[in-house]
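Numbered per mature numbering (1 follows the signal peptide of the UniProt record, and there is no 0), the sequence shown spans residues -21 to -1, 1 to 687.
These aren't lab readings, by the way, just hints derived from the structure by calculation. Among the clues, some could well be false.
[As the list claims (entries may be wrong)] Calculated cross-link-like contacts (lysine to aspartate or glutamate; reagent style DMTMM-like; alpha-carbon spacing at most 20 Å):
(1) K414 <-> D540
(2) K632 <-> D227
(3) K96 <-> D54
(4) K552 <-> E570
(5) K96 <-> D404
(6) K671 <-> E681
(7) K178 <-> D404
(8) K632 <-> E681
(9) K536 <-> D198
(10) K671 <-> D57
(11) K560 <-> E270
(12) K209 <-> D404
(13) K472 <-> D540
(14) K301 <-> E378
(15) K423 <-> E441
(16) K632 <-> D45
(17) K671 <-> D54
(18) K357 <-> D538
(19) K472 <-> D538
(20) K209 <-> D336
(21) K605 <-> E356
(22) K385 <-> E244
(23) K357 <-> E390
(24) K433 <-> E474
(25) K423 <-> D345
(26) K385 <-> D508
(27) K385 <-> D404
(28) K211 <-> E351
(29) K152 <-> E378
(30) K301 <-> E412
(31) K357 <-> D445
(32) K96 <-> E378
(33) K675 <-> D125
(34) K152 <-> D133
(35) K423 <-> E351
(36) K414 <-> D404
(37) K257 <-> D240
This one's a predicted model, so the numbers in the text were calculated from it and none came from an experiment.
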Amino acid sequence: MKKLFAGVAAAALLAPAAALAHDGHDHACIDEACTVFELFQTPAAQGGASGWQGTDAPRYGAWGFDLAGRDTSVDPGDSFFRYANGAALDQLTIPSDRTSYGSFALLRELSDNRMKKLVTDLAARTDLAAGSDEQKIADAYRAFIDQARVDQLDAQPLAPYLAAIRAADSHEKIAAYMGQTQGRAGGSFFGTGITIDQKNPTRYAVTTGQSGLGMPNRDYYLDARFADKKQKYQAYIEQMLTYIGWTDPAASAAAIVALEDRIAEAHWTPIENRNRDKTYNPYSIQTLAAEAPGFDWAGYFNAAGLGAVDRVIVRQNTAMPKMAAIFAETPVATLQAWQAFHTTDDAAPMLSQRFSDAQWAFHSRDLAGQPEQRSREKRAISFAEGALGEAAGRLYVAEYFPAESKAKMEELVANLRTALSHRIDNLTWMGVETKAAAQEKLRKFTVKIGYPNKWRDYSALEIQADDLFGNSQRMGQFQWNYRLSRLDQPVDKDEWGMTPQTVNAYYNSANNEIVFPAAILQPPFFDPDADPAVNYGGIGGVIGHEIGHGFDDQGSKSDGDGVLRNWWTEQDKANFESLTKRLGAQYDQFEPVPGHPVQGGLTMGENIGDAAGTAVGLEAYHLSLKGQPAPVIDGTTGDQRFFYGWAQVWQSKYRHDALINQIATDPHSPAEFRVIGPVRNIDAWYDAFGVKPGTKYYLSPEERVRIW
């Protein structure tokens, strides 16, 4: 239910993608308070080299884009995604241990290959200082790679947990046990975290909200299209309960699914979960207990180490009374079986092969169509790298991140900010007052590039070379203790939500910051030797996307200091909402899989980010030319190369079930429409490729949506 094991340092913010998202939370954002928005929803359990070999960055053509990768038999207006990427996609095979593959996955493989070299080099050494970060990384790897010892132990590590669950023979004891799972394996009806207070972003706050599901979200329980997945889920629950010797596993599995059906009915929808105004509801513990009776809230928070807290931000406030009532109405025996299953499900990757194979088979094969599990070595590298994420990142930066990349990125970011400032000044739908506030917010943006200014201290984390399960639990508790320690402290503005070796980027509305880890600053996103137009289309579009999140339908609700408040005039807000509604309607028409259209409401923020990224990136490229004409290279104009750069970034393929899962759960549109969706709203794209009326994705000038 919680991802405490496969990369703890990143798991606090990375929302697992596809069927790997089984923590019962909404996945429209990547922190508990929904203040952090990532560029790409990272499949956290899919690391490891499958196709790209070696530790050298890939190259694309002679100037940053491979013209041979196009499919020029396709009209750009019928599918610019195919036109720019078609031949390359035809040659692209999804590795058997992946559910999708493309530009992002290739860079993740590169990062993983580099981490493999760093970790295995450490594991081969005998001179590492005891208690050092390097020793702990090496020991984390050794513990995971020792399949023989893990198999010998089998379910033994779970014995104390299962005994405690059996001893929790009342609703009050079950509620307390749920509180204890914040730092260890187990499940809870409610997901609780410590995040920046959105209305007082200088301080931290406790946030709680809906959880309790073992499948990706409520749709998997309530939508008939996923009925076969629910059947497989029940069989998986029975299998796990059988493995741990639980009484009457078949009947218990049926009862657990029936319970989660009721929880799913109480949950808010993914689209509702995106609304930052409706998900900010401060309560005292006493008021929460009065409005959501039937659950021992005081016992729950006390067991989580939050007994002294008297204020909590409740995300889905109308769901809480329903879920508390469901809890109170459920027999203790069913709650015990539910907890035993979720504890086993959480722990399975750290247990013997029969447990880890079963967990993979359901979550990755049955839900996402992944044919083959990653090798033990690949999983061991991911575990070791995740155990001490920033310590591993420090090694990564020292070996693989050149200083000139940071300097070049700073220049690009400055150019993108200038371009957006220029565009804000020239918006026809926004008035003077709101423009001034928007410009103030843009000026206050913080930019983080490459790696943190200060690194996490892991001295309190104990790692043993022969205790995989124990390591995973200590990692989870270490992370939770770290969060608890922040409650009475001012917000640490230097903290990062991603490690340097992560191939992604994000915007944090509470800090009003955009963050670009070192690992994304490589081709096809950023190549210091590429033609500038391609870089502006690649990393420039990414920069614009992240800046754009500060002005999307949810990020725009915070001001330049990160305070959740309205800084818009009523007329300008109405104009903005009219434009976003039109954009959402466009995306609602995209249908990557028959019967499974893109959800324009769920993907709205990311679609606005993509629209901003391409529009602002193109303007920044034009400004960089300083009035001079762009050179023609191999018959391509500057604008064509810009759009090629954007399309190349999203070059990807999906397995069928993985694509369906993404459409249902992911706030990002599928790759094809991250290309087509924004470019069809830009006049320059029509001019660059001669797109005419009558082609599939042509929009008349008055139909094009221009927001930023």
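Do the hints match the structure? See the list:
1. K414 <-> D540: 16 Å, holds
2. K632 <-> D227: 42 Å, violated
3. K96 <-> D54: Measuring from Cα to Cα gives roughly 44 Å; hence the hint is violated.
4. K552 <-> E570: 30 Å, violated
5. K96 <-> D404: Status violated; Cα separation ~49 Å.
6. K671 <-> E681: Holds: K671 and E681 sit about 15 Å apart, inside 20 Å.
7. K178 <-> D404: Outside the cut-off at roughly 28 Å; violated.
8. K632 <-> E681: 33 Å, violated
9. K536 <-> D198: Distance ~28 Å between K536 and D198 Cα, so the pair is violated.
10. K671 <-> D57: At roughly 10 Å apart (the allowed maximum being 20 Å), D57 and K671 satisfy the hint.
11. K560 <-> E270: 34 Å, violated
12. K209 <-> D404: 52 Å, violated
13. K472 <-> D540: 12 Å, holds
14. K301 <-> E378: 52 Å, violated
15. K423 <-> E441: At roughly 40 Å apart (the allowed maximum being 20 Å), E441 and K423 break the hint.
16. K632 <-> D45: 18 Å, holds
17. K671 <-> D54: 10 Å, holds
18. K357 <-> D538: Roughly 42 Å between the alpha carbons, so the hint for K357 and D538 is violated.
19. K472 <-> D538: 16 Å, holds
20. K209 <-> D336: Cα-Cα ~19 Å, so holds.
21. K605 <-> E356: Judged against 20 Å, a Cα distance of about 51 Å means the pair is violated.
22. K385 <-> E244: Given that 20 Å is the threshold and the Cα spacing comes to 48 Å, the pair is violated.
23. K357 <-> E390: Violated, at roughly 36 Å.
24. K433 <-> E474: Holds: K433 and E474 sit about 8 Å apart, inside 20 Å.
25. K423 <-> D345: It is violated: about 46 Å lies between the C-alpha atoms, which goes past 20 Å.
26. K385 <-> D508: Answer holds: K385 to D508 is near 15 Å, not above 20 Å.
27. K385 <-> D404: 29 Å, violated
28. K211 <-> E351: 18 Å, holds
29. K152 <-> E378: Since the Cα atoms of K152 and E378 sit roughly 50 Å apart, the hinted pair is violated (cutoff 20 Å).
30. K301 <-> E412: Roughly 43 Å between the alpha carbons, so the hint for K301 and E412 is violated.
31. K357 <-> D445: 18 Å, holds
32. K96 <-> E378: Cα-Cα ~11 Å, so holds.
33. K675 <-> D125: 54 Å, violated
34. K152 <-> D133: Roughly 27 Å separates the two Cα atoms, so the pair is violated.
35. K423 <-> E351: 47 Å, violated
36. K414 <-> D404: 7 Å, holds
37. K257 <-> D240: 24 Å, violated
In summary, the numbered hints that this structure violates are 2, 3, 4, 5, 7, 8, 9, 11, 12, 14, 15, 18, 21, 22, 23, 25, 27, 29, 30, 33, 34, 35 and 37.
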